[in-house]
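Based on the hints, put chain B in the right spot on chain A.
From first to last, the protein sequence lines stand for chains A and B. Take 1 as the starting number for the first sequence in the working numbering and just add one per residue. Take 1 as the starting number for the second sequence in the working numbering and just add one per residue.
For the record, the hints were derived by calculation from the structure and aren't laboratory data. Any given hint might turn out to be false.
[Unchecked claim] Cut-off 20 Å, straight-line C-alpha distance, at most; resulting in silico cross-link-like pairs (EDC-like, lysine to aspartate or glutamate):
{"#": "1", "chain 1": "A", "residue 1": "K224", "chain 2": "A", "residue 2": "E283"}
{"#": "2", "chain 1": "B", "residue 1": "K12", "chain 2": "A", "residue 2": "D92"}
{"#": "3", "chain 1": "B", "residue 1": "K7", "chain 2": "A", "residue 2": "D268"}
{"#": "4", "chain 1": "A", "residue 1": "K225", "chain 2": "A", "residue 2": "D156"}
{"#": "5", "chain 1": "B", "residue 1": "K190", "chain 2": "A", "residue 2": "E100"}
{"#": "6", "chain 1": "A", "residue 1": "K225", "chain 2": "A", "residue 2": "D268"}
{"#": "7", "chain 1": "B", "residue 1": "K134", "chain 2": "B", "residue 2": "E55"}
{"#": "8", "chain 1": "A", "residue 1": "K242", "chain 2": "A", "residue 2": "D255"}
{"#": "9", "chain 1": "A", "residue 1": "K65", "chain 2": "A", "residue 2": "D156"}
{"#": "10", "chain 1": "B", "residue 1": "K3", "chain 2": "A", "residue 2": "E97"}
{"#": "11", "chain 1": "A", "residue 1": "K225", "chain 2": "A", "residue 2": "E283"}
{"#": "12", "chain 1": "B", "residue 1": "K362", "chain 2": "A", "residue 2": "E86"}
{"#": "13", "chain 1": "B", "residue 1": "K362", "chain 2": "A", "residue 2": "D156"}
{"#": "14", "chain 1": "B", "residue 1": "K134", "chain 2": "B", "residue 2": "D175"}
{"#": "15", "chain 1": "B", "residue 1": "K8", "chain 2": "A", "residue 2": "E283"}
{"#": "16", "chain 1": "A", "residue 1": "K225", "chain 2": "A", "residue 2": "E215"}
{"#": "17", "chain 1": "A", "residue 1": "K132", "chain 2": "B", "residue 2": "E5"}
{"#": "18", "chain 1": "A", "residue 1": "K142", "chain 2": "B", "residue 2": "D175"}
{"#": "19", "chain 1": "B", "residue 1": "K8", "chain 2": "A", "residue 2": "D92"}
{"#": "20", "chain 1": "A", "residue 1": "K142", "chain 2": "A", "residue 2": "E215"}
{"#": "21", "chain 1": "A", "residue 1": "K133", "chain 2": "A", "residue 2": "D72"}
{"#": "22", "chain 1": "B", "residue 1": "K7", "chain 2": "A", "residue 2": "D92"}
{"#": "23", "chain 1": "B", "residue 1": "K171", "chain 2": "A", "residue 2": "E215"}
These numbers were taken from a predicted model, which means no experiment stands behind them.
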Amino acid sequence: MKLEIRNMSKSFKGYPALRDVSVSFETGIYALLGPNGSGKSTFMNILTDNIIPDSGSVYLAIDGKRLSLGDDPGSFLNHIGYMPQEARLYPDFTVSEFCEYVAVLKNLPKAEANRNISDIMRSLELDDIKGKKIRTLSGGMKQRLSLAQAIIGSPDILLLDEPTAGLDPKQRISIRNFISRTALSKTVIYATHVVSDIEFIARDIIMLKNGSVIENAPLGELTKKIEGKVWILPCAETEVQKLQKSYRVTNIARDEDSGNVLLRVLSDEKPDVSAKTVAPTLEDYYLYVFDDIPVSTE
Amino acid sequence: MLKYEIKKSLNKYSLFGVLFVLIFTVLQVLMQYNYGVAIGIVDSMYHFKGSEHIERNKEIADSFSGRMMDDDFFMDFDTAVLRSVESDENGNFNAKGSLQMSSLYQFYGALRTDEYLSLGVLSTDMDSVFVDNKPIFYYTDNWKVMRNIISSIQLIIIFAGGIIASPLFSKEYSDGMTQIIHTMHHGRRKFALVKFASALIQITLLYVVIIGIIVISVGAIWGFHNPAADIRVMTDAAYISMKESISCAELILLQIFVGYFAAVAVTAVAALFSSAINRTNVTLVSCFAFIILPALLPVGKIDSETVKKFVTLMPVNSINLLTPNWAVHDYNTDVIWLYGAVVLLLTIICCVMSAYFYVRHKIA
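With the rest of the complex left out, here is chain A (with noise of 0.2 Å):
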């Protein structure tokens, strides 16, 4: 199975929200990564047939056919789950409706829905509140159900919107490891602008900066672009302001044992000798490549 993206652009009232974006996906979690307004969703919703695209191709080879979005989109969206950033689902529903209801629509054999449904709320914890009107769950909930309606029907490809986003981090986890299990045999295009979601289960991350894909690569690859640029620089108390100022700081703890503040320190250059160098992660290149933490001016 292979998806593949070829030149696709979409501007909205002149300004370009994806930009000649071309990418291919197989097997796997695939990490969309980029801050709000980097033009995530409009990939996704250009995926789901939601938004047309100015300009590009989507085509899916599968089981030997070579499916186009753009000439037969059902054919194509047969095999697509899809779980958008926002959706109200059906208030008046309870939550083992609503999953019956997806099931219909996305034409299962009720023995197979069954069996279905049964696996999907006790993998996601919504066993215990099946019989509850969606109206009445908490946000938490109500994500968990939405990644379930993607889920139904084992489709082969999963589009997940920031799938985690309200979640406390209990919620995040246990939605984390599932997406991890349930993607061993498919292709899980996960957007997020939450590194720490993706940062272990993701083959492969895909970085969007506004509109254009400026990384895609594995993890492994991206984080030694910055290798010997992340370090632990120790200071005192009063020194964190005015070290604030000078260098990108992406994280600040304290050392037990010396009562000494570690600043976690962006820099090409070596900040201070007392500084040492330590293996960067996902987040450090996130912050590095798209600079969002400003030096502070105060």
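Leaving out everything else, chain B in the frame of chain A:
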């Protein structure tokens, strides 16, 4: 899919809506029962109400049943009505000075005055119509009551059609559900079809229940007497001037048919607006404008017969098709078929177009 689609519409707001229509229907029946002053042979605003009013009218009417409505009939009828009033109320009515003795008598009396003819409401010379083809008199208050209540409720049901169908697609759009549903196997054409079916079932159920309540309650109170009576017996100028006459039961059936198709057409129009507009409240306002605007047009002042006919065939006017105002213009069975064809075509076009808009709906 259909049961889930219907479930989407069943919420507290829709239940309130149904309750409102039910209460309005029952109130209409009660109003006619207690204050049905303009209906009966003896208008008894001040002295007779409810069952007494019904019984009195029926008693007088029954004594004239089967008689041809010629000049002798009207004279005898007038005398009988006056006698009935005087003997029961010992002349108290006359003191009030506002009693309308007999709507039928008064009506035919008025028809013969120059003043009435000069109003130009009737296109036909009444006397000439009656010379060759005088109707046979029967008690028809029951059918008049039924016709009046059905007319007023049909307007409510037409608006209900708009309310039922306005959120059909708009709500899916605004809730962001279309984005998901469009990716599903049955999320496009079949989804749209099921939506139409759901709206059709809802408006049909509402219509059948409400009309059923009216027919049963009016039948229980006023009775189903004389269904074959000529509608010209009713005290409406338009019926008397009709080129073709039908029976009271046929009138009611046709009225039910016309109102139902009007409600279905409005439902289809609302579905079309809904498929093209992202916000339910905007859809609803557009739909109501569609219903109301043609009624605000000065149909009487329009010269073009075609335009006039078109405007009068709009759903809000269609419920007047079989009531006097409409019939005065141009009632005949051809109009009914024309109406049916126009409404059916409108419904089909709206459904096809809304399916088209829904299937091609994009968020940008």
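Failing hints, ascending? 3, 4, 7, 13, 14, 15, 20, 21, 23
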